[in-house]
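Please model the complete structure; the sequences and the hints are all you need to start from.
These protein sequence lines map, in sequence, to chains A and B.
Going by our numbering, the first sequence opens with residue 61, and the numbers climb by one from there.
Going by our numbering, the second sequence opens with residue 13, and the numbers climb by one from there.
Derived by calculation from the structure, the hints in this document are not laboratory data.
Ideal placement from N, C-alpha and C gives every residue a C-beta, glycine not left out.
Treat the hints with care, as some may be off.
[As the list claims (entries may be wrong)] On the chain B side, residues computed to face chain A include the following (Cβ under 8 angstroms):
hint, residue
1, Ile50
2, Glu62
3, Phe63
4, Val70
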Amino acid sequence: MKNKILPFSIIFIFITIFVIFYKGLQNTNIYTPNSKTSFEVPSVSVKLFNSDEIINTLEIFNSDKFYLLNIWSSWCVPCKQEHPILMELAKNDNLEVIGINYKDTKKNANNFLKDLGNPYDYIIFDNKGINAIEWGAYGVPESFLINNNKIIKKYTGPLNKGSMEEIKSFIK
Amino acid sequence: MKIFKLFLIIFIIFPINNLKADNEVLKNKITKNLRCLICQGQSVYDSDSEFANSLKIVVDNKINEGLSEKEIYSYFQSKYGDWILYGPSFNKNTYFLWLLPLLIFFVGGAIIFNILLKKQK
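Structure (structure tokens):
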């Protein structure tokens, strides 16, 4: 009996490993980390782009409206792609679009907004990229839909028509 | 008097330099233990991406604010989840990962012990 346990356990281990690897083959090999969306708006001091005034983020997200926080930069090509969608969303009365200008210069950012339009109610100036870290962001562009001081949805990468429809259905 | 002034200056500057060097060592240690989330298989320390460079500044700021190493790890964990840490914490998602080597060690030990016992007999 004892002699049988060893071969059986070896076969069992091999079958288990085989099943794990076989299942693993079907998974995509591009790893995307789980995006945490359940956390609250971070309370940090930020510098405003236009006035250089330093305020707390909670002063920006203070009403029960929906907010779309968008991290953008003038050097980022996908940001140009998604800009018409932000302009479209900014027309909605129930939504305020807030920008974080990421690792950019004021001159280039102003030219970008002059050329493509300014959808933002507030712009946070983040020339070192440290404010974006507070939001758990990876880079540009990235957007967060916020309601009642909670992040309810995170969009990594440029917004598209599908995400625009989704945002519109949230804020109805 | 000049020599006294010189000593005074050295006395003041030297500990600050030491402190800065300590912070640098701690910063390097922390950034080596943080995963660069947008790079493939690189730590924040190794990477020169925009994301990693911002993270290095944040680590520096947190050290200057007086946060301990553990507090800095848990800060990043709260922002990005367990994946940012190279040493995953022990929780319901990772217990198998932590306990499997121990389990293999004990089962393997038991098998070897069994074989040796049989040989002795």
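Against the structure, the hints:
Checking isoleucine 50 (chain B) against chain A by beta carbon gives a least distance of about 5 angstroms; that is within 8 angstroms, so the hint holds. Interface restraint check: glutamate 62 (chain B) against chain A, minimum CB-CB distance 6 angstroms, threshold 8 angstroms, status holds. With a least beta-carbon distance of about 6 angstroms to chain A, the hint placing phenylalanine 63 (chain B) at the interface is held under the 8 angstroms criterion. A least Cβ separation of about 5 angstroms between valine 70 (chain B) and chain A falls short of the 8 angstroms threshold, and the interface hint therefore holds.
Going through the hint list in order, the structure satisfies each hint without exception.
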